[in-house]
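Order-wise, the sequence lines are chains Z and X.
The numbering used here puts the first residue of the first sequence at 1, with every later residue one more than the last.
The numbering used here puts the first residue of the second sequence at 1, with every later residue one more than the last.
Read the hints as simulated data drawn from the structure, not as lab findings.
Warning: the hint list may mix true and false statements.
Identical chains blur together in the list; that is why a pair holds if it fits in one copy or across any two.
What the hints assert, rightly or not - Straight-line C-alpha distance at most 27 Å; calculated DSS-like pairs for lysine-lysine:
id, residue 1, residue 2
1, K118, K186
2, K118, K81
3, K13, K83
4, K13, K186
5, K36, K100
Now for the letters of each chain:
Protein chains: 2
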Amino acid sequence: MQALKERILRDGKCFEGGILKVDNFINHQMDPILMKSMAVEFVRRFSGSDINKVLTIEASGIAPAIMVGYLLELPVVFAKKKKPSTMENMLSTQVFSFTKNNTYDVCVCRDYLHPGDKVLFIDDFLANGNAAKGIIDLVRQSGAELSGMGFLIEKAFQHGGDELRAMGIRVESLAIIDGLEDCRIKIRD
Amino acid sequence: MQALKERILRDGKCFEGGILKVDNFINHQMDPILMKSMAVEFVRRFSGSDINKVLTIEASGIAPAIMVGYLLELPVVFAKKKKPSTMENMLSTQVFSFTKNNTYDVCVCRDYLHPGDKVLFIDDFLANGNAAKGIIDLVRQSGAELSGMGFLIEKAFQHGGDELRAMGIRVESLAIIDGLEDCRIKIRD
Numbered sequence: 001m002q003a004l005k006e007r008i009l010r011d012g013k014c015f016e017g018g019i020l021k022v023d024n025f026i027n028h029q030m031d032p033i034l035m036k037s038m039a040v041e042f043v044r045r046f047s048g049s050d051i052n053k054v055l056t057i058e059a060s061g062i063a064p065a066i067m068v069g070y071l072l073e074l075p076v077v078f079a080k081k082k083k084p085s086t087m088e089n090m091l092s093t094q095v096f097s098f099t100k101n102n103t104y105d106v107c108v109c110r111d112y113l114h115p116g117d118k119v120l121f122i123d124d125f126l127a128n129g130n131a132a133k134g135i136i137d138l139v140r141q142s143g144a145e146l147s148g149m150g151f152l153i154e155k156a157f158q159h160g161g162d163e164l165r166a167m168g169i170r171v172e173s174l175a176i177i178d179g180l181e182d183c184r185i186k187i188r189d
Numbered sequence: 001m002q003a004l005k006e007r008i009l010r011d012g013k014c015f016e017g018g019i020l021k022v023d024n025f026i027n028h029q030m031d032p033i034l035m036k037s038m039a040v041e042f043v044r045r046f047s048g049s050d051i052n053k054v055l056t057i058e059a060s061g062i063a064p065a066i067m068v069g070y071l072l073e074l075p076v077v078f079a080k081k082k083k084p085s086t087m088e089n090m091l092s093t094q095v096f097s098f099t100k101n102n103t104y105d106v107c108v109c110r111d112y113l114h115p116g117d118k119v120l121f122i123d124d125f126l127a128n129g130n131a132a133k134g135i136i137d138l139v140r141q142s143g144a145e146l147s148g149m150g151f152l153i154e155k156a157f158q159h160g161g162d163e164l165r166a167m168g169i170r171v172e173s174l175a176i177i178d179g180l181e182d183c184r185i186k187i188r189d
């Protein structure tokens, strides 16, 4: 998606260790007009898919997911990164974060993800795919079906996308980063 | 706001200790159509205010805030609940949560909140007002100006709204809960 690629090249910041920061327009400060445009692009790409629910993970996935849900007129569920004390009937899985070098729980209430649901998962980043695999596990536990996964930015050199596609999952990424060597952002055409 | 009040009465759940759960349409599963309608109502209520930025706190504030930002065509910043390891130049404050009986950090990067900004804060709940007071502190530290605070639901019996209004802050709440005694939801007309 051209507008996103241009924005990454303009405002993205590259750090040692393959880190791309997009705090200026996605992760901390958000550009709602761009968010809506990205949501339109997801709707276009998943137009042939059967979807009745949008799923994401807090916190950075919520903005793109709510925009997709708004356009599709579908409920949006955000998985939580720790088990809320007041919530029962939870499905939960563990995700290892390479960036933070820790393991965290991802939870979703059974009331909002169940057999018969056809789920489009939306998130900001796809890197090694660990969070995505956690979501796949939650969807499997719930008895729902995964219709596809959409990411704003895929870091292809961390190969999570390869693994998900090899599992037969429909993955759509709006910008694919092929490398961040020497702090230069290499975006796929 | 009538649609929200009706939805709270229909889908809200009341628990011991003044807890109102709206997980079905705001806090975990979200209704994007209702989110957009609530954002329209905020735009209407703050139409006379000078605003150049929308501010919220992760995670439940993000959906209503991004919708308000989209309608107003303004950037949206979400304050983070813990200090990210990769982020420098942070403003931070501490918030005590009565619900969780703990203290957490709320942070925002100076790059995204600075003198000259006129900020509309949007969040899902206003109860005792501790999170809101943390935001007021961050805005003060940054040198920005607070144009107003908008909440989806105010629990008036926890008096945070009274305190904020006594400080001279323009506070707008789309539904005001006057009581949750005996697990009955008492909404103000």
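Violated hints, by number in ascending order, as checked against the structure: 1 and 5
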